[in-house]
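A.B. asks: Sequence:
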Amino acid sequence: MSESFTRGHRRVAAAVALGCVAALGLAPAATAAPGGSKGPKDPTVSVTVMGTSDLHGYIENWDYFTNAEYDDAAHNDVGLAKISTLVNQVRADRGEESTLLIDNGDTIQGTSLTDYFANVEPVTETGETHPMAAAMNAMDYDATTLGNHEFNYGVPLLRTYEDQLDFPLLGANVKDAVTGEDAFTPYVIKTVRIKGQKPIRVGILGLTTPGSAIWDKNNVEGRLRFEGMVEQARKYVPEMRSAGADVVVVSSHSGPSGTSSYGGALPVENASTLIAEQVPGIDAILAGHEHQEIAERFVTNKETGEQVLLTEPKNWGMRLSVLDFELTKVRGQWDVTSANSELLNTNTVPADPKISAIAADQHQRTIDYVNTAIGTATETMSAAESRIRDTAVMDFVNEVQAGAVDRALEGTPNADLPVLSIVAPFNRAAVIPEGPVTIRDMAGLYVFPNTLFGVELTGAQVKDYLEYSAKYFTQTAPGAPVDPATLTNAAGTPDYNYDMMSGVSYDIDISKPVGERITDLSYAGAPIDPAQRFAVATNNYRQSGGGNFPHIATAPVLVNQTTEIRQLLIDYLIAEGTIDPASFFDENWKLTRDGEPVFG
Numbered sequence: 000m001s002e003s004f005t006r007g008h009r010r011v012a013a014a015v016a017l018g019c020v021a022a023l024g025l026a027p028a029a030t031a032a033p034g035g036s037k038g039p040k041d042p043t044v045s046v047t048v049m050g051t052s053d054l055h056g057y058i059e060n061w062d063y064f065t066n067a068e069y070d071d072a073a074h075n076d077v078g079l080a081k082i083s084t085l086v087n088q089v090r091a092d093r094g095e096e097s098t099l100l101i102d103n104g105d106t107i108q109g110t111s112l113t114d115y116f117a118n119v120e121p122v123t124e125t126g127e128t129h130p131m132a133a134a135m136n137a138m139d140y141d142a143t144t145l146g147n148h149e150f151n152y153g154v155p156l157l158r159t160y161e162d163q164l165d166f167p168l169l170g171a172n173v174k175d176a177v178t179g180e181d182a183f184t185p186y187v188i189k190t191v192r193i194k195g196q197k198p199i200r201v202g203i204l205g206l207t208t209p210g211s212a213i214w215d216k217n218n219v220e221g222r223l224r225f226e227g228m229v230e231q232a233r234k235y236v237p238e239m240r241s242a243g244a245d246v247v248v249v250s251s252h253s254g255p256s257g258t259s260s261y262g263g264a265l266p267v268e269n270a271s272t273l274i275a276e277q278v279p280g281i282d283a284i285l286a287g288h289e290h291q292e293i294a295e296r297f298v299t300n301k302e303t304g305e306q307v308l309l310t311e312p313k314n315w316g317m318r319l320s321v322l323d324f325e326l327t328k329v330r331g332q333w334d335v336t337s338a339n340s341e342l343l344n345t346n347t348v349p350a351d352p353k354i355s356a357i358a359a360d361q362h363q364r365t366i367d368y369v370n371t372a373i374g375t376a377t378e379t380m381s382a383a384e385s386r387i388r389d390t391a392v393m394d395f396v397n398e399v400q401a402g403a404v405d406r407a408l409e410g411t412p413n414a415d416l417p418v419l420s421i422v423a424p425f426n427r428a429a430v431i432p433e434g435p436v437t438i439r440d441m442a443g444l445y446v447f448p449n450t451l452f453g454v455e456l457t458g459a460q461v462k463d464y465l466e467y468s469a470k471y472f473t474q475t476a477p478g479a480p481v482d483p484a485t486l487t488n489a490a491g492t493p494d495y496n497y498d499m500m501s502g503v504s505y506d507i508d509i510s511k512p513v514g515e516r517i518t519d520l521s522y523a524g525a526p527i528d529p530a531q532r533f534a535v536a537t538n539n540y541r542q543s544g545g546g547n548f549p550h551i552a553t554a555p556v557l558v559n560q561t562t563e564i565r566q567l568l569i570d571y572l573i574a575e576g577t578i579d580p581a582s583f584f585d586e587n588w589k590l591t592r593d594g595e596p597v598f599g
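Per numbering that gives the first Met the number 0, the sequence shown runs over residues 0 to 599.
Mixed in with the good hints there might be a few duds.
[Claimed, not checked] Quick list of simulated restraints, FRET-style, between CB atoms:
(1) E384 with E180: 37 to 47 Å
(2) Q277 with T375: 52 to 62 Å
(3) S45 with P555: 29 to 39 Å
(4) K216 with T375: 14 to 24 Å
(5) T125 with R192: 30 to 40 Å
(6) N136 with D579: 21 to 31 Å
(7) Q474 with A581: 44 to 54 Å
(8) R192 with E455: 33 to 43 Å
If you're looking for bench data, these hints aren't it; they were derived computationally from the structure.
For each residue, glycine too, the CB sits at the ideal point set by N, CA and C.
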């Protein structure tokens, strides 16, 4: 375990030297008694707070989209069932009476499981206990925090989930839009009782990123208002201290980066570091939202100079944060004198059979559902050649993305903007089969859990973007043999960093050098106007700078729907019933050499 820090909100001046010694990693000496003689060491106790974040509906180590156990390149495992095993181990090691368990939000959205119990058999109608509530209740969580994705299915479902929890759902900066009163419990103070010691009171303050005001406007407008996280922490931390909290942990569903995806329209989106720097009285922050993995980081509070511990467990239940606090009784009051944290990896343990048993029926119903046909396709659409020619299956993704952005722009000042869309050939093996199509078929087409964005680009920027994308191809002289196996992935460019665009027409001349390949770029049958404004449908990875494409990461954000694109594909098929390429397939781009098509 890494070096801890020392701190003390109420520590007397004589104890400052003790803090400095411990900060250097040295064992604290007993405090000196009057006259220079050494008295007994002040009583110390240890308290542990465990934390999860961004669980996104994962209970079992299962990928509903591949119908197999979850796996990734790092061989991570996911889910509450495995988290529960780690929690049990920590409780056994530290002593159950001295441990707490909290969650940081984004809990009830993100898998087919959570979608099923929100849309297919909604718990708001059936009265069934939400699977995440059932599992977390069984694990004896002490508190959870609102994440932005908690609002995705609407406030009624969120309230039903809240009612089903055996512990509080925290959200100190979420207010009733009409009354201005707290819409959720701001904080909870838990009493930790250790035999033979004065009880320790641990305060948990819940804060959520304000972006839901934009991302879920349709669900929260007129109902809820989202205040700044720093501002609300300044309000509630002193209140918690006055109420007797010996330890204050902020469960901040907000990343530490200090950035915002929505510019200055709202208070800072990823404010966890700012909270630590600007609000005195905080011992530690459990961060989330950005899906980072931070075992232990220390942030200096600018007002007090105290060190604030910050940790963030990786998303989907891949990691468990374990925060250990040592408290010393100073003049009859407990004071945090050191703190440290570590991450535990769920791929090191088996699932807790107790949690698996609780989730078994709902898990199986979801598996049966995703393997059920939800519509049909008029013909087979394969992605096998999508890298080298325009295909119906990629146009289908762009059709769905563009339609979603177009609908989101309705009633806004940008409603009249032409909508373009970009997609990458993620999975060469993807096929939408002729005849019955299942949810899994749709999910295989879009293998990443990316969410939908719409950004504004000019015609000139569109051309720059396409030129950059076209570096994916190996320069090949006119008349030279063309081998599809070696034509693509030039300079190691992966398939997911090659974007195709719908809504405009263009050729890619692979005989020309990078930066000079896009020819005959047109919109609505005429050469594109470099100054014309377009709305461009894309995904969160690209919008955040993934792939380093020009302009897009700094482009004005018009739409941030926070809905997974693969879920949009599924929703389209359910609504339409049929996928018919005749209604959307437009061969709007091709590879050329000196104006001649490379492939017939």
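A.B. asks: Any hints from earlier that this structure breaks? Give me their numbers in increasing order, please.
C.D. replies: Numbers 1, 3, 4, 6, 7 and 8 - these are the hints that the structure violates, sorted from lowest upward.
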